[in-house]
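Chemist: Residue-level listing of the chains:
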Amino acid sequence: MNAIEQIAAIEAEARALLAAPASEAVLVTWQNGVFGKNGRLTVILRGLGTLPPEERKSVGAAANVLKLSLEAALARLRESQKAASLAASAADALDVTLPGRPLRRGRLHPVTQVRREILDIFARLGFATVEGPEVELDEYNFGRLRIPEHHPARDMWDTFWLDEEVDGRQPLLLRTHTSPMQIRHIDTHEPPIRVAVPGRCYRYEATDATHEWMLEQVELLAIDEGLSLANLKGTLQEFARQMFGPERRVLMRNSYFPFVEPGVELAVDCFACPGDNPACPVCRGAGWLEIMGAGMVHPEIIAAAGYDPARYTGFAAGMGVERITMLKFGITDIRDLHANDLRFLSQF
Amino acid sequence: MLVSLKWLRDYVSLPADLDIYDLAHRLTMASAEVDGIHRVGGEWDRALVVVGHVLDVQPHPNADRLRLATVDFGGDAPQQVVCGAPNLAVGQHIAFAREGAKVIDGHSGKPSVLKKGVIRGIESSGMVLSEMELGLSQNHEGIIVLPADAPVGTPLVDYLGDVILDVHVWPNRADMMSMTGVAREVAAIVGGTLSMPDSAYRESGGAASEAVTVRIDDPALCARYIATVIEGVTVGPSPEWLQARLRAAGMRPINNVVDVTNYVMLELGQPLHAFDLDKVAPSSKGEVGVRTAKPGETLRTLDGVERTLTADTLLITDASGPIALAGVMGGEATEVTADTKRILLESARFDPVSIRRTGTRLALRSEASARFERGLSPELALAASQRATQLLVEVAGGTARVGRVDAYPAPHVAPEVSITRARLDTVIGFHVPTSEVEAILTTLGFDLVRSDGDLADGGSAGGLFVARVPWWRTDISIPDDLAEEVVRLAGFDRLPATGMVGAIPAWEPAPILDLRNRLSDALVAAGLQEIISYSLTTTEVLERVIPREDLAVIRPLRLKNTQSADRELMRPTLRHSLLETVARNLNAGAEQVAIFEAARAFIPVRDGGHVLPEEHEQVTGALAGFEVDRWGRPTTRRLDFFDAKGALEVALGALGVTTAYVSHEEYGLLPGHVARLEAGGDAFGILGEVHPDTLDAFGIDAPVLLFEIDLARLLPHLPKRRATRSLSRFPAVTQDLAVVVDDSVTAGALRAIIEQSSLVVSASVFDVFKGGRLPAGKKSVALSIRYQAADRTLTSDDANKEQARILKRLEREFGAEQRT
Ligand SMILES: [Zn+2]
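Read top to bottom, the protein sequences are chains A and D. So in the working numbering, spot 22 of the first sequence is number 112, and the numbers just go up one at a time. So in the working numbering, spot 306 of the second sequence is number 397, and the numbers just go up one at a time.
Any given hint could turn out to be false.
Listing some non-contacts, in silico: residues in chain D with all C-beta distances to chain A over 10 Å [what the hints assert, rightly or not]:
hint, residue
1, T119
2, G233
3, V326
4, P330
5, A410
6, T451
7, T517
8, P638
9, A681
10, F905
To be clear about the criterion: a stretch of chain D counts as covered by chain A if any three or more of its residues have a C-beta under 8 Å from a C-beta of chain A, and this derived list gives those stretches [unchecked claim]:
hint, region
11, 471–479
12, 857–867
Hint data in this document are derived by calculation from the structure and do not stem from the laboratory. Cβ atoms here follow ideal geometry from the backbone N, Cα and C, with glycine treated the same way.
All chains should be built: construct the whole structure from the sequences, respecting the hints.
Modeler: What follows is the structure, given as structure tokens:
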């Protein structure tokens, strides 16, 4: 076959191929066989120089025409095949509602979530977090908090005592509140003081839907020159707003703890109702939610730590983390928080 | 303390249309918390439950134990009803229910509607009511007899109805453990005129001091002891008004003498004790003593228990020995009985600590000890003695001897407490005007000795308030106590909410807390659920995870008092808690459990001057169950060691801790399936598969992986600053290498050698197998090695040469052979 005949044969092959579109692989192979480094058309074009001058012109022209037209046709074919493939894949749509491939999901315990939220809020107000021992001495849990042995206020904290002898006495107990850290902290730090103390506490108490023998508290202690009850109210109002919503107000009422004077109880107005719904699941119609006991640090405690109570005043507050967790999440039985049922915990 | 509103009105004038909820709210805000409000008679129908008058009583013709009563209830005609009460009598005023009234059934205790009925052949319409039928008490032995002045036909609720406030009195307020004390607070808070009970009585006969003398051995334990003598009493039931009041306060009427002592305790807050003076040993010649017990002394108390007394027990004695535990319980020998004629009435001030110690030791805490423990004023003893003597004469008859015996070694001097205006304003953060401060203190019973407020209020620059404390306020001793009085009555709602202005203190680092939070977050990111479990457990449970002999050495902290057998020891490990939680959730049908807890393990330290135990901060976790498929359904593949290790690698990797996993053995874990976690050569934790025997002990029948990290040991190995290296600009070459080595050669050891090459960026294992054509005891490990140079493009020749060197080294170190 001479060159012109070869060109004609390639053109015929191309027509057949384009008429009945072959697979991409067949097309690529054919294309390489024709246009590739040693492809048939490439060889023809490369061999033009060896042809007689009269043939060289006509063969060159025919080969170039064929090359251009074939390249254009192949491009068109590819376009149409791509369009067809897109149309087919659009027709074969995903059910986007099917679940994703599952990854195991972990969560923090709701009490941890709320404890961290509490501590974060107070951190923004300048309260550093410090921690203390869960096994305490009578001296710190009671004595230096002005609750000596046989003081009737001991009835406010039913206590687990440990069967451990120290110097002929048994002074070890499971701390009933985080307040002993007030003493431990002012023993080792100078005013100004602002700390929050989270931690587990224990009460020798019967268990029911709202009482647990193991509980978590966050204690606050601030000591500085000129601190007042109004500062306590302001600090806790800011806490209540960040924790329960910007509209919240705090209500202060009289209370008693031997280590503060005056002593108060703090409540926040109900975030679930305007305060007038007797069926409100959160406040049960009270309109207020009690969240902590507080007060001005007793001057004897400041003096015992070696500071002048005429110069330094302070406030302290203690709140139950489970209580706030229950309010926030609408949990009605505190025992659910320690049952560790994964079906319960996976809701948070 | 239960406060009857009706009774309260005796001491403080309150408006007839008082809003009880408002009163309760204001009391709660300023004084003592009102825990509950109970309406007595709220359920009595006004038309159907009324005051009746018994006109006639006839025997029932067909039944010996029943009678027919004709009752006038203010209606058109008297009604005849059948009545079984033995105390029914003509002329009585009684509580009467007409047909259709809702009453409590005397037998079933349930509410029922009264219907017309025929009882033993006689028609009966209506009922003469007992306390139980009115829901007042469980007493169904007889009918209620009302005072003769009860107006017939009046709705019973108007006559007997009441509102009871349950007031929670703080431990420092001894004065509020009484009706008069609550009345003082109410008057101060809502206004109203106070009128304290009149306690005048007629005296006759000889002087009390001729019949009784008192000797106090230790005035520190008994500041005052007053005795009066009432002779010729008749012991019997109290009048209805007295019984009704005791019931309203939640106390059971006993007899008129005991009831009077209880009544005065409720009214004034002073516990009293009545002795049968004729039973005090004649040889005493009327002398009673107050002293602590001597070794070996005993006393049979009026509950019939013979008690051996310890040296610190405060006693009342006569010549024969102890006759009462002072302030706690009387003795049986001198108890007032139906035959008692002469009474020695004790009104005393005992030391609160002594009372509490004795009451606690003997488990005899009572209404009386609750008052003594709060520390009563010795001044109260006189008021109570007078009032009780007056009432005894009134309700038990007899005459009071002239005067009283009053042993009062150091009479009370009312203290003066002062506060400066500056202090007052600083503590409460709000300026209460001087005139208001004065009004508040005065209305609370303080005598203002000096008040010069401050300049702003027209006072002096000195600005000082000095107040004499009323005798009943035993809780006021420092300036800030006055600040509390002022602020609680001025109203906490008037306090502004003020931010703190001082400098924020230097920040205190909390590395363990930060590490606990970061590790918890990282474990959560690795798919683990945090749990919070109890810190207390039992020996039996601990023995499942700690060898008995180790437990004997640790001797975990043991509770002295516990209310439940499953709370005995402070846990020295968290492992059992995690396994208990795994067991519970698998039993509840969980397909997969992946949990951790961040908490403390308690290790006692009993020597070297240590007092407190070590509290080890730990993070302990467990994984069990099945891997899930694409649809989240469990597959047949159980989670294994490498699932747990993967989670730890993610978590510890997030902290930047380079962890070595070193083969290890540990009690409770399956040998050959345990790794010690090390960083920088220090062990900081453990990971392993739980031993099947341990699983059995927890009732788990599936493999469980357990890990434990000690935060204090991990902390030093947290990178201070992450080391980073810049990436090479030159392309890398990746080549595979498969070697056959002894089974004992770990993949970690092979990798360590390979990664020593300066041209190797990383080497990762991608296949391990044994068996097949490999000889026994051998395994094949395939690694993918990535070569890269920082300064040039590596050719595959360069990589081949380096790989050959590596292979030689592996041959030398481990006898490795290349697998072809
Ligand atoms: Zn509400």
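Chemist: For every hint, state whether the structure bears it out.
Modeler: Here is how each hint holds up against the structure:
1. Non-interface call for D/T119 relative to chain A: violated, since the shortest CB-CB distance, roughly 6 Å, does not exceed 10 Å.
2. Distance check on D/G233: its Cβ is at least 37 Å (rounded) from any Cβ of chain A, clearing the 10 Å threshold; non-interface status holds.
3. Consistency note on D/V326: stated as away from chain A, and its beta-carbon is indeed over 10 Å from all of that chain's, at 33 Å minimum.
4. Here D/P330 stays apart from chain A, with its beta-carbon at least about 34 Å from theirs, past the 10 Å limit.
5. With a least beta-carbon separation of about 31 Å from chain A, D/A410 lies farther than 10 Å from that chain, consistent with its non-interface assignment.
6. D/T451, annotated as away from the interface, has a beta carbon of chain A within 10 Å; the closest lies near 8 Å.
7. Not every Cβ of chain A is farther than 10 Å from the Cβ of D/T517; the closest lies at roughly 6 Å, contradicting the non-interface assignment.
8. Distance check on D/P638: its Cβ is at least 23 Å (rounded) from any Cβ of chain A, clearing the 10 Å threshold; non-interface status holds.
9. A cut-off of 10 Å between C-beta atoms contradicts the statement that D/A681 is not in contact with chain A; the least separation is 6 Å.
10. No beta-carbon of chain A is positioned within 10 Å of the beta-carbon of D/F905; the least distance is around 36 Å.
11. Note: the region 471–479 of chain D has 0 residues with beta-carbon separation from chain A under 8 Å; the three-residue rule is not met and the coverage is violated.
12. For the region 857–867 of chain D, the proposed coverage by chain A is not satisfied: 0 residues have a C-beta within less than 8 Å of a C-beta in that chain, short of the threshold of three.
Comparing the model with each numbered hint stated earlier shows that hints 1, 6, 7, 9, 11, 12 do not hold.
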